[in-house]
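2 protein chains.
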Amino acid sequence: MIQKLIEKIQKTKAPICVGLDPMLSYIPEHILKRSFGEFGETLAGAADAIWNFNKEIVDATWDLIPSVKPQIAMYEQFGIEGLRAYEKTVRYCQSKGLIVIGDAKRGDIGSTSAAYATAHLGSVTVGSTVCRAFDTDFLTVNPYLGTDGVKPFVDVCRSENKGIFVLVKTSNPSSGEFQDQLIDGKPLYEHVAAKVVEWGADTIEGAYSNVGAVVGATYPEMGAILRRLMPHTYFLVPGYGAQGGTAQDLKACFNKDGLGAVVNSSRGIIAAYRKDAYAKFGAEHFAEASRQAVVDMIADINSVL
Amino acid sequence: MIQKLIEKIQKTKAPICVGLDPMLSYIPEHILKRSFGEFGETLAGAADAIWNFNKEIVDATWDLIPSVKPQIAMYEQFGIEGLRAYEKTVRYCQSKGLIVIGDAKRGDIGSTSAAYATAHLGSVTVGSTVCRAFDTDFLTVNPYLGTDGVKPFVDVCRSENKGIFVLVKTSNPSSGEFQDQLIDGKPLYEHVAAKVVEWGADTIEGAYSNVGAVVGATYPEMGAILRRLMPHTYFLVPGYGAQGGTAQDLKACFNKDGLGAVVNSSRGIIAAYRKDAYAKFGAEHFAEASRQAVVDMIADINSVL
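Chains as they are written, first to last, in the numbering used here: chain A, 1 to 305; chain B, 1 to 305.
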């Protein structure tokens with residue numbers, strides 16, 4: 001799967017993914033009004049608004065980008081109806097040829113991680129029928145429980161040609177609280193990085209492994225160290241834009257081949273029309289604002305590569 | 001919410017929760033046949049079987065127990081239909097007066113954790129309507145992202161009188177890989193424990209905080225240390241029974257007041273009919289086997305308290 005992502009990145013010349021993390025507050029009034037009119041001010045109404053919002057953004061950007069990263073929490077908060085919008089979004093993006101990175105940060109003891117791997121990447125046999133649930137192309141995974149909690153995801157990567165990104169150094173302000181603590185002279189995230197390399201060793205396709213790492217753009221010095229420690233690991237890089245990471249900060253996450261990282265922007269793209277720079281598009285044309293923000297983001301990142 | 005759990009524990013004299021983690025392989029043939037007959041060998045068929053299986057177990061055990069812990073991964077693997085069975089199970093258990101601990105191990109950056117907290121413990125406003133999604137009483141939470149990733153859950157505990165259990169020392173074989181690593185001479189799980197105490201300090205009801213800890217029964221020495229470090233923290237203790245933890249191992253997780261821990265058993269209860277000790281009940285009477293297993297588990301644990 002990592003090769004498929006790389007091919008899409010090379011074709012679009014855009015090492016990015018658009019974070020489809022809709023908040024109700026991002027969705028223009030005219031969409032909310034239509035959905036609430038049809039389904040009421042209910043979870044179903046919210047889910048319908050999210051789906052319509054996503055669809056317009058995907059329609060306006062799919063030809064420019066290799067991948068999207070829907071954050072499942074933003075859908076889960078609207079319960080079953082929200083998760084239906086998540087599933088619909090995943091299917092729609094895949095129908096447009098986009099690689100879908102499910103941002104779910106799942107992780108548990110072995111047998112439970114196996115169920116999560118099934119839910120998001122694999123298949124489950126019901127009677128004699130093979131069924132698939134959310135079926136994204138990649139999934140983000142939390143490593144706190146250690147190897148037996150991650151292994152089931154790696155197994156599914158191998159059997160189904162899928163990929164994962166394991167949290168190594170996250171982009172949030174307090175990520176260092178545990179992740180930066182020194183163990184034998186090295187921060188925890190470096191120990192996790194070493195395990196990620198080990199877990200992924202059997203899943204290498206070409207120059208990169210199907211077991212990637214989440215490395216926040218907000219900590220560029222750490223990104224540089226991790227890049228050296230994990231030459232064959234693709235980085236999923238959150239934190240660009242709204243969270244404060246700049247293109248210059250990202251540079252260190254890339255390898256000399258210009259590959260090795262896919263940079264996410266959520267708010268900066270999907271809520272672009274609310275920023276001064278794109279206000280001229282207006283709420284009615286929010287998706288065109290997103291398209292322009294994608295064009296600008298690609299140029300910004302390519303300027304440092 | 002922790003007081004409500006304690007009252008239920010005192011009333012039932014049973015510091016336990018039943019892990020409603022159904023695997024299709026646990027479900028007796030007659031239930032599968034009925035559900036597949038109605039819905040086909042589909043995700044909907046699997047979800048219907050799970051729901052019927054759960055309902056019989058709850059009907060056979062609710063009067064003996066204070067709480068249940070559905071593991072959401074086991075439902076998520078059947079997609080939207082599976083999550084509908086999760087929701088139905090949560091509602092049904094609550095209608096029986098049971099405290100429901102959603103075992104979801106969620107955790108992300110602040111704004112995303114806020115969405116998860118909304119999804120599982122809180123409410124979301126759609127237009128001018130307040131809606132609730134999964135609405136469990138407690139949720140398990142992963143601490144790898146640090147304070148800003150946990151804080152939104154704590155905030156919801158406070159505003160909605162709910163509770164969480166933060167992963168401190170998990171029950172799985174490789175939990176030590178990162179959790180046991182020494183930082184300034186103390187294992188990571190003790191550092192997490194200190195944070196759990198801090199996060200929960202504002203949510204104390206009576207002798208205990210609404211911010212609890214997950215402490216595996218499979219590491220009794222560590223349980224004893226954590227018990228001393230966290231006197232006002234309730235422990236959710238997985239690992240009893242099928243994973244190898246014994247009643248003697250659990251003793252250290254309790255305080256001298258006989259409180260402080262709620263012990264989970266999943267397979268040992270819900271798949272009891274498949275064990276030699278309960279085989280006499282037969283698959284048709286699997287729920288009666290579960291009831292007997294609950295009676296035996298309560299006696300076993302109370303024998304060491």
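No lab work stands behind these hints, which were simulated from the structure alone. Source: prediction; values computed, not measured. Yeah, the Cβ is synthetic: ideal placement off N, Cα and C, and Gly gets one too. The reader is advised that the hints may include incorrect statements.
Chain B is nowhere near these chain A residues, computed Cβ spacing over 10 Å in every case [what the hints assert, rightly or not]:
1. 11
2. 63
3. 257
Here are the simulated lysine-lysine pairs, DSS-like style, with alpha carbons at most 30 Å apart [to be verified]:
4. 256(B) / 186(B)
5. 195(A) / 256(B)
6. 4(A) / 55(A)
7. 186(B) / 195(A)
8. 11(B) / 151(A)
9. 195(B) / 186(A)
Hint consistency between residue 11(B) and residue 151(A) [alpha-carbon to alpha-carbon, up to 30 Å] = Judged against 30 Å, a Cα distance of about 41 Å means the pair is violated.
Cβ separation check - residue 63(A) to all of chain B, threshold 10 Å = holds, 28 Å
Per the stated criterion, does the least C-beta distance between residue 11(A) and chain B lie above 10 Å, as a non-interface residue requires?
-> holds, 30 Å
Are the Cα positions of residue 195(B) and residue 186(A) separated by 30 Å at most?
-> Between residue 195(B) and residue 186(A) the Cα gap is close to 21 Å, so the pair holds against 30 Å.
Decide if the proposed pair is consistent with the structure: residue 256(B) and residue 186(B), CA atoms, cutoff 30 Å inclusive.
-> holds, 25 Å
Is the Cα-Cα distance between residue 186(B) and residue 195(A) 30 Å or less?
-> holds, 21 Å
Would you check whether the claim that residue 257(A) is not at the interface survives, using Cβ distances to chain B and the 10 Å cut-off?
-> Non-interface label on residue 257(A) holds, nearest chain B Cβ at 29 Å vs cutoff 10 Å.
Satisfaction of hint between residue 256(B) and residue 195(A), Cα-Cα up to 30 Å = violated, 40 Å
Given the hint that residue 4(A) pairs with residue 55(A), does the C-alpha gap stay at or below 30 Å?
-> Answer holds: residue 4(A) to residue 55(A) is near 23 Å, not above 30 Å.
Hint compliance for this structure: hints 5 and 8 are broken, all remaining hints hold.
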